[in-house]
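Trainee: Residue-level listing of the chains:
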Amino acid sequence: MSQWIGAVLLLGGSIVCLFAAIGVLRLPDFFMRMHAATKAGVAGAGLVLLGVAAFDGSTATWIKAMLAVFFLLVTTPVAGHLIGRAGYVSGVPLWRGTSEDALDGVLPRTNIIDETPDDAPDHLGTTRAP
Amino acid sequence: MNEAIFDIVLATSAVLLVAAAIAAGLRIVRGPAAADRVIALDMLSLLGVAAAGLAALVADSVAFVDIALGVALVGFLATVAFAGYIAHGNIPASRPDAAAERRP
Numbered sequence: 001m002s003q004w005i006g007a008v009l010l011l012g013g014s015i016v017c018l019f020a021a022i023g024v025l026r027l028p029d030f031f032m033r034m035h036a037a038t039k040a041g042v043a044g045a046g047l048v049l050l051g052v053a054a055f056d057g058s059t060a061t062w063i064k065a066m067l068a069v070f071f072l073l074v075t076t077p078v079a080g081h082l083i084g085r086a087g088y089v090s091g092v093p094l095w096r097g098t099s100e101d102a103l104d105g106v107l108p109r110t111n112i113i114d115e116t117p118d119d120a121p122d123h124l125g126t127t128r129a130p
Numbered sequence: 131m132n133e134a135i136f137d138i139v140l141a142t143s144a145v146l147l148v149a150a151a152i153a154a155g156l157r158i159v160r161g162p163a164a165a166d167r168v169i170a171l172d173m174l175s176l177l178g179v180a181a182a183g184l185a186a187l188v189a190d191s192v193a194f195v196d197i198a199l200g201v202a203l204v205g206f207l208a209t210v211a212f213a214g215y216i217a218h219g220n221i222p223a224s225r226p227d228a229a230a231e232r233r234p
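Sequences listed follow chains A and B, in order.
Read the first sequence against the numbering used here and you will find it ends at 130, with the numbers running on by one and no gaps.
Read the second sequence against the numbering used here and you will find it ends at 234, with the numbers running on by one and no gaps.
Looking at chain A on its own, in the form it has when it is part of the complex (with noise of 0.2 Å):
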C-alpha cells in the first residue's frame, strides 16, 4: 500500500518538477521564473523526496527523508529572496504588462537594461497600451 503511494508521490513530484522547468524555460520575465523555479520547483523536489521515503518505508529514510525537505522548505524561499533582489538591483527589466512596479523608489537600480524581446512570446495576450 505504502509502495503505491509513494509511486503517487514520485509521479506527481516528478510532473511538478516537469512543470516548474517549463515555467523557467517559458516565463515572460526573470522575477516570474523566479517565482515558477523557487515554488514549485521545491514543491516537486519535496514531492519527489517523500515518494522515496514512502516507497523505502524504513523509518532511518523518512527521518532523513523529511530532514531534507525541511531544509529545502527553509532555505528556497532565502534563496529566492537574494537572487530576486539581486536581479531588481543590478536592472533586470520588468515585463513589459507589469501594471506597477512596487519597489520603485525603495531598492536602488542601476544599469536598467532595455527590454529586449525575449524568446518567450506575448503568449498571456495581455499587453497594455501604454
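Source of the hints: derived by calculation from the structure; they are not laboratory data.
A portion of the hints provided could be inaccurate.
[As the list claims (entries may be wrong)] Derived contacts from chain B toward chain A, CB cut-off under 8 Å, selection only:
| # | residue |
| --- | --- |
| 1 | 153 |
| 2 | 163 |
| 3 | 189 |
| 4 | 210 |
The beta carbon of each residue, even a glycine, is placed where N, CA and C say it ideally should be.
Given the coordinates of chain A, assemble chain B onto it according to the supplied hints.
Mentor: Chain B in isolation, oriented as in the chain A frame:
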C-alpha cells in the same frame, strides 16, 4: 506484476526529470541576464535533489537520500553566493550595449 509497474513508474519519473533538466538548461543557455542563468541553475540543483532521491530507489541504496540533502545544501549556497556577486559585484546584468533609459 507490481515490480513491472514500479519499474515503469521509476522510468517515467526519470524521463520527466530529464525533460525538466533540458528545459532548465535551455534557459541557462539563453539567458539573457546573469540572474536568469542563476535561477535556472537553482532549478537544476532542485532537479538534482529529485534525481538523487530517485537514484536511491533505482540503486536500492538509502545512502542516496543523504546525497539529496548535500545537493540541496550546495545549491542553496551557490544561489546565495551568486546573488551576492550579482548585487554587489562587477558582473554586468546583461550585454552592456543593451542599456537604455528606464521605463516610466
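Trainee: When the structure is checked against the list of hints, which entries are broken? Sort them ascending.
Mentor: 3
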